[in-house]
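Chains A and B, in that order, give the protein sequences. Going by our numbering, 324 is the number at position 105 of the first sequence; the sequence numbering is gapless. Going by our numbering, 497 is the number at position 278 of the second sequence; the sequence numbering is gapless.
Just so you know, not all the hints are guaranteed correct.
To be verified - Selected chain B positions facing chain A (in silico; Cβ < 7 Å): (1) Arg279; (2) Val283; (3) Ser314; (4) Gln360; (5) Gly363; (6) Tyr369; (7) Arg385; (8) Val472.
Calculated from the structure, these hints are not laboratory results. This one's a predicted model, so the numbers in the text were calculated from it and none came from an experiment. C-beta: ideal position from N, C-alpha, C; glycine also.
2 protein chains.
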Amino acid sequence: MTAPGYRIVRMETHDVRFPTSRDLDGSDAMNPDPDYSAAYVVLTTDDGFEGHGFAFTIGRGNDVQTAAISALEPYVIGRDVEDLGALYKDMVDDSQLRWLGPEKGVMHMAISAVVNALWDLRAKREGKPVWLLLSEMTPEQIVGLVDFRYLSDALTPEQALDILRRAEDGKQERISRLRAEGYPAYTTSPGWLGYDDDKLRRLCKEALDEGFGQIKLKVGADLEDDRRRFSVAREVCGPDFPIAIDANQRWDVASAIEWIGALREFDPHWVEEPTSPDDVLGHAAIAEGVRPVPIATGEHVQNRIVFKQLLQAGAISYLQIDSARVGGVNENIAILLLAARFGIPVCPHAGGVGLCELVQHLSMFDYVAVSGSTDGRVIEYVDHLHEHFVTPVVIDNGRYVTPTAPGFSAEMHPESIAAHSFPGGEVWKDA
Amino acid sequence: MTAPGYRIVRMETHDVRFPTSRDLDGSDAMNPDPDYSAAYVVLTTDDGFEGHGFAFTIGRGNDVQTAAISALEPYVIGRDVEDLGALYKDMVDDSQLRWLGPEKGVMHMAISAVVNALWDLRAKREGKPVWLLLSEMTPEQIVGLVDFRYLSDALTPEQALDILRRAEDGKQERISRLRAEGYPAYTTSPGWLGYDDDKLRRLCKEALDEGFGQIKLKVGADLEDDRRRFSVAREVCGPDFPIAIDANQRWDVASAIEWIGALREFDPHWVEEPTSPDDVLGHAAIAEGVRPVPIATGEHVQNRIVFKQLLQAGAISYLQIDSARVGGVNENIAILLLAARFGIPVCPHAGGVGLCELVQHLSMFDYVAVSGSTDGRVIEYVDHLHEHFVTPVVIDNGRYVTPTAPGFSAEMHPESIAAHSFPGGEVWKDA
Chain A
220 MTAPGYRIVR METHDVRFPT SRDLDGSDAM NPDPDYSAAY VVLTTDDGFE
270 GHGFAFTIGR GNDVQTAAIS ALEPYVIGRD VEDLGALYKD MVDDSQLRWL
320 GPEKGVMHMA ISAVVNALWD LRAKREGKPV WLLLSEMTPE QIVGLVDFRY
370 LSDALTPEQA LDILRRAEDG KQERISRLRA EGYPAYTTSP GWLGYDDDKL
420 RRLCKEALDE GFGQIKLKVG ADLEDDRRRF SVAREVCGPD FPIAIDANQR
470 WDVASAIEWI GALREFDPHW VEEPTSPDDV LGHAAIAEGV RPVPIATGEH
520 VQNRIVFKQL LQAGAISYLQ IDSARVGGVN ENIAILLLAA RFGIPVCPHA
570 GGVGLCELVQ HLSMFDYVAV SGSTDGRVIE YVDHLHEHFV TPVVIDNGRY
620 VTPTAPGFSA EMHPESIAAH SFPGGEVWKD A
Chain B
220 MTAPGYRIVR METHDVRFPT SRDLDGSDAM NPDPDYSAAY VVLTTDDGFE
270 GHGFAFTIGR GNDVQTAAIS ALEPYVIGRD VEDLGALYKD MVDDSQLRWL
320 GPEKGVMHMA ISAVVNALWD LRAKREGKPV WLLLSEMTPE QIVGLVDFRY
370 LSDALTPEQA LDILRRAEDG KQERISRLRA EGYPAYTTSP GWLGYDDDKL
420 RRLCKEALDE GFGQIKLKVG ADLEDDRRRF SVAREVCGPD FPIAIDANQR
470 WDVASAIEWI GALREFDPHW VEEPTSPDDV LGHAAIAEGV RPVPIATGEH
520 VQNRIVFKQL LQAGAISYLQ IDSARVGGVN ENIAILLLAA RFGIPVCPHA
570 GGVGLCELVQ HLSMFDYVAV SGSTDGRVIE YVDHLHEHFV TPVVIDNGRY
620 VTPTAPGFSA EMHPESIAAH SFPGGEVWKD A
């Protein structure tokens, strides 16, 4: 029996788009003109509690993404909020929906949005931020949230339990430290391809002044431009400052090795998305070809099965989870556990719309209850669109301030949703 | 300038579903109750020529798939039918839509449907079946249809040209032979999990009587059932008859090796989809663990990049293309070329709704212009739903009869579309 107040009675979706292409914010080698968008979902319980979630897209197709979320309505309505594990499995394993993936692309991102909304709802009911709600679970409860299908050659439930039990030690101390000090961030704001050298220089300086311990530059459109921009950033930041670069899947294997070779004198902290996110063996060949330059990927990796292989193949030195592409919190827990098992640090992808807001909770949970460490770990930060959220991320001296508000920090202001609704919202009416 | 009659002026979509779950047709270990469905698209030119295409799904979510096809309308309207290569690239490389994949899942299947409809249209205009239209192209024209991005570590345009030029020799002879003899087929009709032993025995006998040279059984739900059913089929078909088995992604790596080990005494011709279609390294480990039992996969492989890796890793002995999951004819040409480069025979997945109709053209093109051989090659055949097509496949003595009608054999009868439209069609009204 579902207790009063725990039954989901309504699902509402919104196609929300921000016209970011007008200013070249977010421009990179593969995404020259994104309009950062959210296929947004609100779940409501019988006593009016709300859970908010979304899939992030970059414009066209956000209507399809929103329709995919709506298709999940029959799975959610009438269900118990506490029944999250079973509900997650019901959506992922539905034999008919599964054909549309399995576990990838539009349908999987839709599940992600709904699962994250369920976590927002559950955390609000418990009066806790998601990172804390997760961190206070027992190892057994956490393992119960994970779908181990297709993982057992790399991670069994028993091995996951071992990892989580080891992290029980010092948990309270890490929670206290997190509350006092926050979590380290890096910024991509200086590095978008559409910016000129003066703007790059100015933004690098600002990043240093603001206390960030790392920045990232987009590369991959033109090698000479990349060399010039990297040397500008290196000059401003100094020889020892970590500067990562991000090719956004621009290269084939051989061209990646060649291009990275031409940039290695600038000492990239990591090279992100050198090629297709589907190409495990390609990433492994690139890592081998540019060693010891570290390779990173993950924002477009479709699910835990591909992450498993990237780790098995020794293809990546940093694993970059995304909060809203794989099957939400539940699948990301599997990925955090895989990374811990292979000893690879997780440095999440963020930016977009609300991705910083969501993913901070996962990194903080990783620190408290999984890896137990922030060494070599940073969460991406991009300084835009936070004003649309009710409890936006707060950055202080280059660190994410640990959220205290109940929920997943996922809720957008109703006025923001209304103004940016596509195509009827006021922002789009004149376009 | 687009010549009159070559400009696309209309796109129309239909959510078409067949209630196949009522009879357990198509039941397997992962798909117990599919309702075979088509997200169907019709493109019309300014002089009324029509191209038909579809994405195949198994029921729920077919509305999302149909919406994804509709989202491609702006890319197609006003375009020239002859401009197919550029149009394909525009859809696949659209920087905003790309975020929804890239090149996988619902959005990629939508592109597949549109691309295949364009080929249907083009072939009808030329008055030729698609297999012949493709076979008569020059190697340079064929290579011009392929997107080599992310393939160059396994297949370059020059290597593709070499393969195609080698196959120029004897092309006319193979066309003649194909017209006279057709292409070998195997049947899955006896092997669905939902059937009892008597029905299995009867259908095995029928398959032999009908001249099929291979059958396939679904396995993976219960080992003792599998052993019993396999022994029934072996008894009916005899010790040397090729019987493939298909687990539909049911296993993890270790359980696959164990389960296959328990069935190898029945001499499986291949083991299909032992695990997740995303798990290249898993397939390689299984192939290694059960050698020399051949592993096959492909119907759920999302794109050419994953096929590339399956071949690079030596994970499969048979490659199973699907006509409507990857980016349509164009991406399937890339996959046929990859298979030829690695010397792996292509044995397509078919069945569903209209998949036999489409994929026969690709295997016939493979025979005439790519691999030049039918050795070890068979196209799957399932005997249902063909009556809904205007030019259904014809099977004669266990072989696909080579199609002669112009187009891609993709067109459904208007009455079938109307009766099975979901949820308003007469078949669904009473459900």
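Hints versus structure:
Annotation: arginine 279 of chain B was flagged as interfacial toward chain A, and the flag holds, the nearest CB pair being 4 Å apart, inside 7 Å. At a threshold of 7 Å, the smallest CB-CB gap from valine 283 of chain B to chain A is about 5 Å, leaving the interface hint in force. Interface restraint check for serine 314 of chain B: the shortest CB-CB distance to chain A comes to about 5 Å, inside 7 Å, so the restraint holds. With its C-beta approaching chain A no nearer than about 23 Å, glutamine 360 of chain B sits outside the 7 Å limit, and its interface hint is violated.
Because the beta carbon of glycine 363 of chain B sits about 18 Å from the nearest beta carbon in chain A, more than 7 Å, this interface hint is broken. A distance limit of 7 Å between C-beta atoms decides the matter here; for tyrosine 369 of chain B the minimum to chain A is near 4 Å, and the interface restraint holds. Interface restraint check for arginine 385 of chain B: the shortest CB-CB distance to chain A comes to about 24 Å, outside 7 Å, so the restraint is violated. Because the beta carbon of valine 472 of chain B sits about 4 Å from the nearest beta carbon in chain A, less than 7 Å, this interface hint is met.
Hint compliance for this structure: hints 4, 5 and 7 are not met, and every other hint is.
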